[in-house]
Amino acid sequence: MDTHANVPDSAEAALHAPTSEVEHSHPTWSTYWKVALILTIITVAEVWAYYIPSFVASRGFVPTLLILSALKFTIVVMFYMHLKYDHRLFRVLFTGPLLIAGLTLLALMFLFGHLFIKIM
Amino acid sequence: MSASAVHTSAPTHHHYTTLGLDSRKVAIWAFIGSECMLFVSLISTYLIYKGRSVVGPFPHEAWTDPSTGQVLKPILNIPVTSASTFVLLMSSLFMVLALAAVQNKELPKRTRGERILGNSKLWLFMTALAGTIFLGFQAFEFTSFVHEGLSIRRNLFGSTFFTLTGFHGAHVTAGVLWLVTLLAIDYRRNLGSRDSLLVDICALYWHFVDVVWIVIFTLIYLLK
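In order, the protein sequences belong to chains A and B. When we follow our numbering, the leftmost residue of the first sequence carries the number 8, and every step to the right adds one. When we follow our numbering, the leftmost residue of the second sequence carries the number 42, and every step to the right adds one.
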């Protein structure tokens, strides 16, 4: 995290200034290009899968697309949003609400949507 | 301490949490967390009503217009949306390059490649341009949908689709305005490594808008 170039001048702020524990280097330019290439390849694979009728009709279509989408989501969050390199608190601030939102989505889908639990 | 003294000294202070983290960065992550909930609520609504429209147009199925008897194609245009998705993904690359350029502004640039990569104005401009192109694609899509008979009042698909993608488009618009503001600041007084937090916060917002689109693209456009 290199966002603290403006060091506060008060004694209290100096006390709370960032420690080496939370300082991490961000990826290099070449990493950013590689990540962009991977994201493009995954997107092409998703669209390609959409145009294969036999695959669309198969049971693997929906899980495959969901996994690819989750992979893209994770890559952007980890590398472009630097969550992999930043302080743990940011991870909690992001994944906490995301988890609650995801569980709410699942609950709503079971209650009103197209997901059902077969009882008996 | 007088009110004027407080007013003059306030801008020089940067607030840090007890963990040594800048409060502004903590705030943007908390904001992004709350935005996750907003978009998941909109996505939930879309998914709950998916496939429950009584009248067309439909996203993935052909339909017959009752007034003309004409058989019309599914309304979603995957090639166009794939192109706009690619543009938004590239805008995220431009954004990280802009942030890296600002963070490394003071480092010496020897080669032409290093000078290009270190040009924050170029990458901020490219990010704003990519965002604007994405909005252009969205305007084209909305216009063509309305011409094909799909409005926000037409059916459940129209209501949930326009609400979800409209909210996302509004976020992209706000992001573009934010980027243009940063670009103007960069032209006025050259953003340096001491300003990297300003760009970092904007970048976090922009990448969040990108990841929301990654989810929307799969759930709305690709899943039948």
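For the record, the hints were derived by calculation from the structure and aren't laboratory data. Watch out, some of these pointers could steer you wrong.
Claimed, not checked - Computed beta-carbon distance windows for the label pairs:
(1) Arg66/A <-> Arg230/B: 25 to 35 angstroms
(2) Arg156/B <-> Thr38/A: 35 to 45 angstroms
(3) Ser65/A <-> Leu148/B: 49 to 59 angstroms
(4) Phe62/A <-> Asp106/B: 24 to 34 angstroms
(5) Thr38/A <-> Arg194/B: 27 to 37 angstroms
Cβ atoms here follow ideal geometry from the backbone N, Cα and C, with glycine treated the same way.
A quick look at each hint next to the structure:
1. Arg66/A <-> Arg230/B: 25 to 35 angstroms: violated (58 angstroms)
2. Arg156/B <-> Thr38/A: 35 to 45 angstroms: Since Arg156/B and Thr38/A have Cβ atoms about 20 angstroms apart, the given range 35 to 45 angstroms is violated.
3. Ser65/A <-> Leu148/B: 49 to 59 angstroms: holds (51 angstroms)
4. Phe62/A <-> Asp106/B: 24 to 34 angstroms: holds (31 angstroms)
5. Thr38/A <-> Arg194/B: 27 to 37 angstroms: violated (47 angstroms)
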